[in-house]
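So the chains spell out like this:
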Amino acid sequence: MLKSLFHSQVSLGFAQAAIASVLALLVVLLARRRSIHLESDAAIALLRGIVQIVAVGSILMLLLKGPRWTSVLLLTGMILAAGSISAKRAKNIPGALKVSTYSIAAGAGVVTAIMTWAGVIDTAITSLIPVGSMIIANAMNTNGLALNRFRSEVLSHVGEVETALALGAAPEETVARYAESSIHSSLIPAIDNLRSLGIVWIPGLMTGMLLSGSSPLYAAIYQFVVIAMILASSGLTSLLSTMMIRSHVFSPAEQLLLRGAE
Amino acid sequence: MSADTVPAPMAVVLRTEHLGRRMGDTEIVKDISLQVERGELLGVVGPSGSGKSSFLRLLNRLDEPTSGTVYLDGQDYRQLAPRELRRRVGMVTQRPFLFPGDVALNVRFGPTQRGETLPDTEVNRLLERVGLSGFASRDVTNLSGGEQQRVSLARALANGPEALLLDEPTSALDDEAKEGVEELICEVVRGTSLTCVLVTHDRNQARRMCTRVAILEKGRLVQTGTPAEVLSA
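Protein sequence lines, in the order shown, are assigned to chains A and B.
Position one of the first sequence corresponds to residue 14 (the working numbering), numbered consecutively onward.
Position one of the second sequence corresponds to residue -8 (the working numbering), numbered consecutively onward.
I should point out that these hints are in silico values taken from the structure, not numbers from a laboratory.
There could be a bad hint or two in this list.
What the hints assert, rightly or not - Chain A residues, not near chain B, derived (Cβ > 12 Å throughout):
| id | residue |
| --- | --- |
| 1 | Ala56 |
| 2 | Ser165 |
| 3 | Ser228 |
Unchecked claim - The following label-pair restraints were derived from C-beta to C-beta distances:
| id | chain 1 | residue 1 | chain 2 | residue 2 | range |
| --- | --- | --- | --- | --- | --- |
| 4 | A | Gly70 | B | Arg105 | 55 to 61 Å |
| 5 | A | Lys111 | B | Arg105 | 29 to 35 Å |
| 6 | B | Gly151 | A | Met256 | 31 to 37 Å |
| 7 | A | Met256 | B | Arg29 | 40 to 46 Å |
| 8 | B | Asp16 | A | Val40 | 40 to 46 Å |
| 9 | B | Thr217 | A | Pro265 | 22 to 28 Å |
Unchecked claim - Listed next, the stretches of chain A that the computed footprint assigns to chain B, with coverage defined by at least 3 CB atoms under 8 Å from CB atoms of chain B:
| id | stretch |
| --- | --- |
| 10 | 176 to 185 |
| 11 | 258 to 268 |
Built from N, CA and C at the ideal position, the CB exists for glycine as well.
Using the sequences and the hints, build the whole thing.
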């Protein structure tokens, strides 16, 4: 129906975005009837989302005509933004921004660099940016989940942690158990994505490749490659961030800083 | 009194000097200076919110003082590594927070942190001392509240502390278990000349157990003396 009303691709896109947003807002209104208030969060997120993605689309239009190294700049910018966003999940943990940024940079950066070097990811901007951003975004989500879980675990085991400290335990050892469970739970989405690939969902990248005329079999295999890369980078990010954050919840005098209200 | 009968001056194990802690705009512990001698069981008594537990947490540096300091055997505790300090100043809290596993694992916890393995004989000796002979292989989930608190005491003693901090150690126990743990603490203090600081809101408990009592109100030390002197009312 829309296609007959809108003749340019951009205006068609905005019309489609408007319909998707209205649908999302209807669900929010439905939630409101059950006293779950998501109105302002959802409205801001939708507005922010469309502005951000249109901005990125516009930048990509310019970059496609530029030199290849510009993709490195864009990916670096994405890593910095991802570090800042996921650090918010580690409220009250000093140094969370640094830990998040370093972990995402290392996790997503190492995997993207190796796969680009091996020729799995093409160095063309049209390939490196979408695949790199998928890896960074998933590393960000995993990092946020890991830090959030770690924070909750420590907050709900303050007594155990301080008992161990009072018995002379090394601070990082007192929270090691909670760091391990955080890594495990943060990787559940990435593992489930891999398990359900092709059965429950056909990801966007594969759909895009099919639409652009790639062989369905190659598109399917390449989609597996991307999801496996996401698992590798998410795993590395989660391992690094939980390893680094452990020391940040203690003072130099080995006192637990992350506690409920005193 | 002859020279032979003059008691030797007792060594001061813990001494606080103008100790204080501020949280934002609130001073939860204010300028407390006191000392605890070897073998003494000092009771810290006061109403809820008077800063008793906050004061106790400053003694093993679980919290950082914002003013003053603590001396352990005459040495400023800021010069000691925190782990070394906490080995020498043990703590038993209201809830025992036992680690998952058996009783022996819990008793061995402190020495294990220093890379030492407490031999079975020593584990059994500690358990015997707290009235839990034969409990070494019991899973901690199968223990009563009183038994858990006894394990917590044995676990603290396994580090060989010079001073022991007790934060309301019986307040979560029923009367029978409470009486048993009280007697046990008194026996341990008498038998080993251990220096203890007991935080309690129960004035009768302080009267029964302590050799000296410090009264705290709104974070400030208002009175110290024998139980008969300060808890007569």
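Taking beta carbons only, do three or more residues of the stretch 176 to 185 of chain A come closer than 8 Å to chain B?
Check passed, 8 qualifying residues.
Beyond 12 Å on every Cβ pair: is that true for serine 165 (chain A) relative to chain B?
Per Cβ check, serine 165 (chain A) is outside 12 Å of chain B; nearest 18 Å; holds.
Status of alanine 56 (chain A), Cβ more than 12 Å from any chain B Cβ
holds, 35 Å
Do three or more residues from the stretch 258 to 268 of chain A put their C-beta atoms closer than 8 Å to C-beta atoms of chain B?
holds (count 4)
Distance restraint evaluation - glycine 151 (chain B), methionine 256 (chain A), Cβ atoms, bounds 31 to 37 Å:
holds, 33 Å
Supplied distance hint 29 to 35 Å, evaluated on CB atoms of lysine 111 (chain A) and arginine 105 (chain B):
holds, 32 Å
For the pair threonine 217 (chain B) and proline 265 (chain A), does the Cβ-Cβ distance stay inside 22 to 28 Å?
violated, 40 Å
Verify the CB-CB distance for methionine 256 (chain A) and arginine 29 (chain B) against the hinted window 40 to 46 Å.
The hint (40 to 46 Å, Cβ to Cβ) holds, given that methionine 256 (chain A) and arginine 29 (chain B) are roughly 43 Å apart.
Quick check: does the Cβ-Cβ distance between aspartate 16 (chain B) and valine 40 (chain A) fall within 40 to 46 Å?
holds, 44 Å
Between glycine 70 (chain A) and arginine 105 (chain B), is the Cβ distance one that fits in 55 to 61 Å?
holds, 59 Å
Consistency of the no-contact label for serine 228 (chain A), given chain B and a CB cut of 12 Å
holds, 53 Å
Checked against the numbered hints given earlier, this structure breaks only hint 9.
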